[in-house]
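Using the sequences and the hints, build the whole thing.
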Amino acid sequence: DQQVKQNSPSLSVQEGRISILNCDYTNSMFDYFLWYKKYPAEGPTFLISISSIKDKNEDGRFTVFLNKSAKHLSLHIVPSQPGDSAVYFCAASVGEGTYKYIFGTGTRLKVLA
Amino acid sequence: SAVISQKPSRDICQRGTSLTIQCQVDSQVTMMFWYRQQPGQSLTLIATANQGSEATYESGFVIDKFPISRPNLTFSTLTVSNMSPEDSSIYLCSVPLAGGRGQETQYFGPGTRLLVL
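Here the protein sequences line up with chains U and A, keeping their order.
In terms of my numbering, the first sequence opens at residue 1 and continues consecutively.
In terms of my numbering, the second sequence opens at residue 1001 and continues consecutively.
Heads up, some of the hints might be wrong.
List of simulated lysine to aspartate or glutamate pairs, EDC-like, C-alpha gap at most 20 Å [what the hints assert, rightly or not]: (1) K1007(A) with E58(U); (2) K100(U) with D1011(A); (3) K56(U) with E1104(A).
Calculated Cβ distances over 10 Å to all of chain A for the following chain U residues [said to hold, decoys possible]: (4) Q2; (5) D24; (6) F30; (7) T45; (8) S49; (9) K68; (10) A70; (11) K100; (12) G106; (13) L112.
Treat the hints as calculated values from the structure; they're not laboratory data.
As the structure is a prediction and not an experimental result, all values here were calculated from the model.
Note that beta-carbon positions come from the ideal geometry of N, C-alpha and C, so glycine has one too.
Structure below.
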C-alpha cells in the first residue's frame, strides 16, 4: 500500500513559468512533509519542508502548500529554470524527530529553455 | 551540510554472492540510515544504524539479508547477502541534519548502484 503517491511520473514546463508538483498521502497521522530533488548519479537533496501546523512554507523560488483535509501537498517553483530539471520526491513522516520518512515514487521535471 | 561518501559507487555482481557497501560521514552523527531505491520505485528505509547497538530494521527487511555494522560515529556498512536479481537497486545512506532555517531533514550520500546478474 503506497501511503505517499505522486501520480504524475513526469512534467514539462517552459523556462520562466511555474512548475507545480503534486503529492497525495493516505495516512492521516503524517504531520511532517518534505520535498527532495534528485539529479542522476547523486543522492536526493533537501529542498523544503512543512509541518502540519502550517499550510504554506516559502523558501526563495520554492513554496510548499499543504491541504490537510484533502491530504494533498504541492511544490511550486517560480520561475522555473533549466537547472531545476530533476526528479522530485515528496516524503512524509509521523512526528518530527522520528526520521521515518515515507517517500513517493517521484516526478521527473523537465524545464525547457 | 555534511559530506557523505559511499563505496563502491557502482558494482555488477553475480547472484549468490554478497556485497558490502561503505558509508563515511565527515562529522559524528548518532543515527545513520540505509535506504533502497529499486528501479522505478520510491526510496524505502531498510534500517536505522545507531553506534553501539543493533540496527533497527523496517518491516520486510531482516538482519540475515542486510547485516549492518556501525563501529563508530562516522562510519557504517551495509551488506547485501546472497544476492538475487531482485536486489538490483540504488542503495543510499543518510544522516539526520538540520536544513535551512532549522528544518529537520536527512542528508543523503551519492548512492551505490548495484546490478545483480
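Evaluated hints:
1. As the CA atoms of K1007(A) and E58(U) are separated by approximately 36 Å, the hinted pair breaks the 20 Å bound.
2. With a CA separation close to 28 Å, the supplied pair K100(U) and D1011(A) exceeds the 20 Å bound.
3. This hinted pair checks out: K56(U) and E1104(A) have alpha carbons roughly 16 Å apart, not beyond 20 Å.
4. The beta carbon of Q2(U) sits about 8 Å from the closest Cβ of chain A, which is not more than 10 Å, so the claim that it is off the interface is violated.
5. The claim that D24(U) is not at the interface with chain A holds, since no C-beta of that chain comes within 10 Å of its own (minimum 13 Å).
6. No beta-carbon of chain A is positioned within 10 Å of the beta-carbon of F30(U); the least distance is around 14 Å.
7. In this structure T45(U) is not separated from chain A by more than 10 Å, as the shortest Cβ-Cβ distance comes to only about 7 Å.
8. The claim that S49(U) lies off the interface is violated: its Cβ sits roughly 5 Å from the closest Cβ of chain A, which falls inside the 10 Å cut-off.
9. Non-interface call for K68(U) relative to chain A: holds, since the shortest CB-CB distance, roughly 18 Å, exceeds 10 Å.
10. The Cβ of A70(U) lies farther than 10 Å from every Cβ of chain A, with a closest approach of about 21 Å, so its non-interface assignment holds.
11. Non-interface call for K100(U) relative to chain A: violated, since the shortest CB-CB distance, roughly 7 Å, does not exceed 10 Å.
12. Not every CB of chain A lies more than 10 Å from the CB of G106(U), the least distance being 7 Å, so the non-interface label is violated.
13. The claim that L112(U) lies off the interface holds: its Cβ sits roughly 24 Å from the closest Cβ of chain A, which is beyond the 10 Å cut-off.
Violated hints, in rising order: 1, 2, 4, 7, 8, 11 and 12; the structure is consistent with all others.
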